[in-house]
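K.L.:
The whole structure should be built from the sequences, with the hints applied where relevant.
Here is how the chains run, residue by residue.
Protein chains: 4
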Amino acid sequence: MPQRRLRLGMVGGGQGAFIGAVHRMAARLDDRFELVAGALSSDPKRAQASAAEAGIARSYADWREMARAEAARDGDGIDAVAIVTPNYLHAPVATAFLEAGIHVVCDKPLAISLTEGEALAKLAREKNKLFALTHTYSGYPLVRHARELVESGSLGEIRVVQVEYAQDWLAEPIETSGTNKQAGWRTDPSLAGPAGCLGDIGTHAYHLAAFITGMMPSSLSAELHTFVPGRRIDDHVQAMLRYPNGARGMLWASQVASGAENALRLRVYGTKASLAFDQENPNELWFTPLGGSAERLTRGRVKSAIAAHATRVPPGHPEGYLEAFAQLYKDAALQIEALDAGRPLPAESLLLATVDDGVAGLRFIDAVLASSAADGQWHEMANG
Amino acid sequence: MPQRRLRLGMVGGGQGAFIGAVHRMAARLDDRFELVAGALSSDPKRAQASAAEAGIARSYADWREMARAEAARDGDGIDAVAIVTPNYLHAPVATAFLEAGIHVVCDKPLAISLTEGEALAKLAREKNKLFALTHTYSGYPLVRHARELVESGSLGEIRVVQVEYAQDWLAEPIETSGTNKQAGWRTDPSLAGPAGCLGDIGTHAYHLAAFITGMMPSSLSAELHTFVPGRRIDDHVQAMLRYPNGARGMLWASQVASGAENALRLRVYGTKASLAFDQENPNELWFTPLGGSAERLTRGRVKSAIAAHATRVPPGHPEGYLEAFAQLYKDAALQIEALDAGRPLPAESLLLATVDDGVAGLRFIDAVLASSAADGQWHEMANG
Amino acid sequence: MPQRRLRLGMVGGGQGAFIGAVHRMAARLDDRFELVAGALSSDPKRAQASAAEAGIARSYADWREMARAEAARDGDGIDAVAIVTPNYLHAPVATAFLEAGIHVVCDKPLAISLTEGEALAKLAREKNKLFALTHTYSGYPLVRHARELVESGSLGEIRVVQVEYAQDWLAEPIETSGTNKQAGWRTDPSLAGPAGCLGDIGTHAYHLAAFITGMMPSSLSAELHTFVPGRRIDDHVQAMLRYPNGARGMLWASQVASGAENALRLRVYGTKASLAFDQENPNELWFTPLGGSAERLTRGRVKSAIAAHATRVPPGHPEGYLEAFAQLYKDAALQIEALDAGRPLPAESLLLATVDDGVAGLRFIDAVLASSAADGQWHEMANG
Amino acid sequence: MPQRRLRLGMVGGGQGAFIGAVHRMAARLDDRFELVAGALSSDPKRAQASAAEAGIARSYADWREMARAEAARDGDGIDAVAIVTPNYLHAPVATAFLEAGIHVVCDKPLAISLTEGEALAKLAREKNKLFALTHTYSGYPLVRHARELVESGSLGEIRVVQVEYAQDWLAEPIETSGTNKQAGWRTDPSLAGPAGCLGDIGTHAYHLAAFITGMMPSSLSAELHTFVPGRRIDDHVQAMLRYPNGARGMLWASQVASGAENALRLRVYGTKASLAFDQENPNELWFTPLGGSAERLTRGRVKSAIAAHATRVPPGHPEGYLEAFAQLYKDAALQIEALDAGRPLPAESLLLATVDDGVAGLRFIDAVLASSAADGQWHEMANG
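Chains as they are written, first to last, in my numbering: chain A, 1 to 384; chain B, 1 to 384; chain C, 1 to 384; chain D, 1 to 384.
Honestly, the hints are just simulated from the structure, not real lab data.
Model, not experiment: these values are computed from the prediction.
Careful: at least some of the hints might be erroneous.
Since the list can't tell identical chains apart, any single copy or any two copies may satisfy a pair.
[What the hints assert, rightly or not] Quick list of in silico lysine-lysine cross-link-like pairs, DSS-like style, CA-CA up to 25 Å:
1. 181 with 45
2. 181 with 303
3. 303 with 272
P.N.:
As structure tokens, this is what we get:
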């Protein structure tokens, strides 16, 4: 029997925003959500026009009003809200919807401070609502398979983690042009929080490494840097990592890396084998045993129920970013149904990033800010 | 103002069929279609169950009945039908829906004989309805950009075309197992028509070459072969091509190529430069000038309105097969709206494959069958 | 105990010739040869200057004189001669040196006609001298390993062979410039023989496929073409192949393929697995099982005595074209010593191409010329 | 007129040593050296046997004796010595030969302490003899071209340097087996000096980055680590770098990176473009403009006199590690001839690494040791 589509609302994501449209496509792809309400912009006119363009029935000028009104509807209010605003609004908006008893799907970083994030985590637990964080890259089937490989011991004990995320779109001071909405808020500390490149893509790199290795660093030594003159926020971060088991790692994220598009790459070396993943070629995963030959594992051909759960089309028919994103919505739907029915969360949905991953990301941000401020002194991390 | 979603019906694509689900995701991705009716299986019970699973409101046991009933509905009948049946039904189903005044989106090959295909083309023209053929690979932005590069003269005069499509899923006689529905009908001449590998993937290779080069061969010398003992249809085709301008080419398609997933690849060499495209890595296109360095053009970064029209997410965020497929539905929606409004077809939608491409594909099939039967004698092609 | 360096002579390869210098470096690399005599040019002055530049002690103005004089020397005449002239001289020069009892290392193609080649083969057998043909690419360790994989049955029964050799250096009529010595003689039928691209690189492709698969076609259908206006010889060849075991194949060679440098590539598909080799990346070989993941085998890490015999430096330290070429000289040295001592040829040297491979290449040339002249009619091949 | 071959001696490199054979092939390839004398092992019997095997005329049991004796020969003593011993002997041996007035080609690292290295540099300058350090990777034509690209401003101002060198051959405690000579001395601080992985491959990474960017860090923060239990020396190093112009960098070297063969890779990002080089694929260099498409520059096709000077065979005919190594010998020969003739060093030879590069490498080693000992505190570097 088909399950009814869940009703989704959206806050943020009006015209000109990249990520709103992505969420809408992703929510739609697997047919588990129907977008019915939105407060797409703080500008009422733009909110209205954006909603109309997106075919959204109920448009609100204000997200507080939306939370109230949707919660008050009789049986057809939204089941969940997607929060796709600039960072500084994540926590207040999420709080409002959680308070209203509505499930939350939220962009990362979770919040603009650890305190704020921890409060949110506490609230989500109290309310027993879904709080999904859209760490898109963990939706790729081969990223999930990579995690399985580590967990199953195929790599042996992990020794080295190398993760990086390079882009070039902020290599020049485009935020001063006034025409690039994205660049505008992402380089403005009052909207993005204290972390620029660090919060925007550094947290993705950090999450990917943690997701696949199942490990978080015990301490780190980091340096933030701003290359573009006049920029008010970091556009480059480099860090060295120490893990509890003695493993070592390096993390690099840059938004001024000329020629780089969206180059999120992870390599993990264990005592028995290594693996390598490149987000720009997500249909392959490289596995190389110590002293052996590299194997190119492909999406669709790896024998893995976990990967299969995140796969839509046969081997050789490439999937991409939207499919990974859709996977988060698919898992979110599974969890919402279980929560609403009082059932345990389905096992196959448990790889979805949660508010706790968001808190971990904020701890990472805090540690990098602290270490960088102390000229790279090793900073102990209090994980979970 | 948002445009209303078009109402879509589907014939074929019940449980166990791969391509039905693909069409549904593709139609949904860009939010221009709503699937409301279907005759998903010739088995009434399976049809009913499949429709329920797919969330389809109106399920029919018979496609003839569906065509009649939908045409008779008052204002909310389907605008278009997606035909995803085994090949032998393409023409009869399409005919029924065209006769009922309903637009058609149809899988390839168009029909199981050239005669049948030509009649269909004639009918589609008379009825002035959309007849879109799902040559998926022409929906990739970089395939469209490749076509532009050729058309603009960047390659100079075309000299050599090398196209191939290799898979390995039929390397063993899996059709005898009774459990692989796909393999079953695709190797049964009474359901697939006289061409096996030739019709299934050879036509994709042929279309891709024609789409990008803008040229069709004037003659060909071909050989069909069946490697798997007991198989009743070809699983391998090789051909040499001569083009009107003196260019030469080779085409190879195989479903027994061990290790190959879905390896559709095209290389085109002109007097000034060459290009290369590999369907399994659709976010890149290689362009190499005579005597020069290869350039890796990427989806999202090529400066091209045509490619941009077929692109959803920024550079470095990979798109895949479903997005290419969705592009066909997006273009189809543009054309349906124009046709229904009596407007000319929008320029940006014109790369959508039509019933005429289907007829060209059938001419190619006929030519290969004829040349192969005559021990590879060069066969002149009467291209439209 | 070290073995003495063999004394090598050279005919052809004067200033401006590419291949002469390559032979000299290749002969030197493994320290088994010392170049002591030469007739490097038909122009006496150039011969003298070239010899001086190459540090050759005994320079001859005429190769007939050289054969006589070297044979007459008391104990320090050359052991072997390297023939690196334009094609039309291969047979006469080789004949003279064989008659003089001197071992021969000769460039391919063996001769400019099958008759000439067969006579040479007969003579070499009678004289019981080495006749090595420099099919360079069979000197790569991974090419030899590929052959082993096929021979050991790792691929199962071979079904499909795809081989190609693309270059672009003759895409324009550079032979008319008068300044490109290479282009001059290679496009002049009186110097190169009746086969242009076919003889120059088509024979390499043919030999590589035969070397790795251990199979020669039973018949072929081919077409030669000349793209460059005014050129007197083919610059493009395409062919379809049928093998005795029912396998099918395609061969393509072109010297007008814009952007291609020296792109010799082979793919072989068997019932169990496939392999792929690209001469431009000779330190890797791809092996993919039916339905499985591609494995990137690397030079140095494959477990193979045969590959190890052709390897000089550890894994990850790339070897290239000169090393492959040197391997031929290394194997030649092993055979010369054995022949001179009346010992059987060492097993590890037996992959060296012989005069019989040369004859096979000439049979291939003949077959392509005949089929092409008969508009692609299948031509039966009488393989040795 | 041909120049006479220079007479070369060798210290170290007896049977079982990898690098001795490499030096011999490299010195031979371009025919500028003749190996005539050696003290190949400290074990007299082994020295004798090794020399015989290598075809060396004059074998010495002791390198001090060799320096004396060769210097004393009348006109046919060695011109230069190649030092291929374990690290701790580099300085004493080099000193002896410099004192004897003999040119030196020496493996890296230069010495086992900065003091020792600086003394050597002083001596080399005083004696006005060649002191070439075999930083092999700077012999690659595309590495030299990369340097040119930076120097010419094609990358703009350098912002980010990412360099790494990963191997896996020491992932297990193979030094305890007693059978791996290499592993034995390289992990023994009394033979290798205080730096293990750091001295062995970290210095190569450091040199490559400095060579291409023309910049040396002003300070670094580093951490050494030993993963393999019982090992007496580091097998892993990670560092963050700051450059005088504000650029940032990271350096990683590991000999326990499972699956890595000899993966030396450099990426440099400037304000206008980036480049990437991978030692395992040395025939290509990637150049990507800000916001643009990656260009795959190939050895042989780049327009560069500097690259051409380091190239032997045409485009598409791959060169490798031995050719890069040979280039050092070729440049050394050019410099020796100039020095001996009292001419200025030829411009095309000036990219050869010198004793000063060796000192810079020792400064890098010192800085890493110091920073690592101080828990990663930033260490100022006193360059030159």
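K.L.:
Could you run down the list of hints and mark each one as holding or not?
P.N.:
Tested hints:
For a Cα distance limit of 25 Å, the shortest separation of residue 181 from residue 45 inside one copy, 17 Å, qualifies, whereas the shortest one across copies, 53 Å, does not. Only between protomers do residue 181 and residue 303 lie at most 25 Å apart by alpha-carbon distance; the minimum there is 21 Å, versus 43 Å within a single protomer. In the homo-oligomer, the alpha carbons of residue 303 and residue 272 lie at most 25 Å apart both inside one protomer (20 Å) and across protomers (19 Å), since each shortest distance falls under that limit.
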